[in-house]
Amino acid sequence: MGARRDRSVPVLQGTCAQVSTDQGGRPLPNRTLSRAVRGPSGDPAVKIEAIEVQTGQTVRLTFESVNSAWRQGVWLATQGELSVAGTTSPQVVLWSDTAPAEVEIVVQVTDGLMRLYNVWDSGRRRGPFESQSATSGMLVETMPDGSSRYSCNDIGTDAKFDKLVFRLRFES
Amino acid sequence: MIPLLRTVASALAAVLLGWLLPASAGAAVDVPLVAYTYDALHIQAAPAHDRVERAPPTTQAVLPLHLASDRGWSVAFAWPETIYNTRNSSYDQSVLLVPTDSSAAGGEATLSGAPEMVPGMGWERAYSIRATGVAAKSSSAGWKVGKPINTLTKAGNSPAWSTVRARYWKNGATKALDGEYSPANLTRMGRGRAPLHDEVGVSKELNHRVPRHQGGGHSFNNLEEVWPWEHAAIDRFRFYKGPVPK
Chain A
388 MGARRDRSVP
398 VLQGTCAQVS
408 TDQGGRPLPN
418 RTLSRAVRGP
428 SGDPAVKIEA
438 IEVQTGQTVR
448 LTFESVNSAW
458 RQGVWLATQG
468 ELSVAGTTSP
478 QVVLWSDTAP
488 AEVEIVVQVT
498 DGLMRLYNVW
508 DSGRRRGPFE
518 SQSATSGMLV
528 ETMPDGSSRY
538 SCNDIGTDAK
548 FDKLVFRLRF
558 ES
Chain P
-11 MIPLLRTVAS
-1 ALAAVLLGWL
9 LPASAGAAVD
19 VPLVAYTYDA
29 LHIQAAPAHD
39 RVERAPPTTQ
49 AVLPLHLASD
59 RGWSVAFAWP
69 ETIYNTRNSS
79 YDQSVLLVPT
89 DSSAAGGEAT
99 LSGAPEMVPG
109 MGWERAYSIR
119 ATGVAAKSSS
129 AGWKVGKPIN
139 TLTKAGNSPA
149 WSTVRARYWK
159 NGATKALDGE
169 YSPANLTRMG
179 RGRAPLHDEV
189 GVSKELNHRV
199 PRHQGGGHSF
209 NNLEEVWPWE
219 HAAIDRFRFY
229 KGPVPK
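If you read the protein sequences in the order shown, they are chains A and P. The first sequence lines up with residues 388 to 559 when you count with our numbering. The second sequence lines up with residues -11 to 234 when you count with our numbering.
Part of the chain P face toward chain A, derived, beta carbon under 8 Å:
1. Leu165
2. Asp166
3. Glu168
4. Ser170
5. Asn173
6. His185
7. Asp186
8. Glu187
9. Val188
10. Asn209
11. Glu212
12. Val214
13. Trp215
14. Trp217
15. Ala221
Worth flagging that the hints you see were computed from the coordinates, not collected in a lab. Backbone N, C-alpha and C define an ideal beta-carbon position, used for all residues, glycine too.
Throw the hints in and build the complete structure from the sequences for me.
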């Protein structure tokens, strides 16, 4: 069952609204692999992704599918500034049910890495979003067109990596 | 006419209560309460307000019901209709008092005396409650796993932030979903410590939605779980300088 996606709502609607206070310079985690969750090939899932980016680079995020009763999204951050639909912030969250199917992210200032991971909202009022559970992780595939597809598991030992699937394409 | 009589009866009840039970020390405050009534058979099955949901009362009473106490509650009175058991058409022998403010302690009270017929009001006479058993129950005030994290301490004091934080994680451990935390983290949380990121090794943190300096309290609804780097982004007073994986 896919989550309903309302295209009429602007980007960042319903995201963590207070993400703009960090002026950069705070350490962010680098690429981290899961100790608990592995993909079908036996390789560990990616817990936190860190991708090399350059200032001025455009990253195009495309939501492909959602198979969860929980709201699903993607947290993206850099030590610097990311710009999404006119909003500039070191950290942004894009929710699959409110963001457009395809979102353009411009790297304004960066330490050279953009970090990202799957976030979700279980409705338990645990926080602005939930992330990084013991069994969360992402399987990363490189697609023929050079983009990367991320298949995510939020919580659960029986990981099917279908809770959220999105794709990233990097443009110069 | 009846409202006037009710007012008079209420005043009489208050006077009666003042006679039966001396007011507690300190400034009196009104704490809104919800009363659940039980007959003699059911009261034994519902001795504490945290069991209300598992043992529904025979009648859910309505306000007005007030508490005069500066810590928790000790004396209460209610209109007779609020403690009238419609199931067996009799007045219950006990009433369970549940504070709507989760930070206040609840308890039991036992009705004292019998209702009397009042001309023009029938049995709708203000009815006093002797809060016997309250002292014993107040000693059970204090927190245990599953209760609101800002529940007063046994001594009746507001819990310190470190206490609330420990309670938060203890409660969280009991409500964790399968796969949400590692066994090691569940053990930590059961001891009141924050879970560690399984790979990065840093502790999860609690952010006050409404900051403390703006009057935000330590209630569950004002807290949110964040990782340190997320915390640094939403709280300008939080500067994460902890370890990061290489």
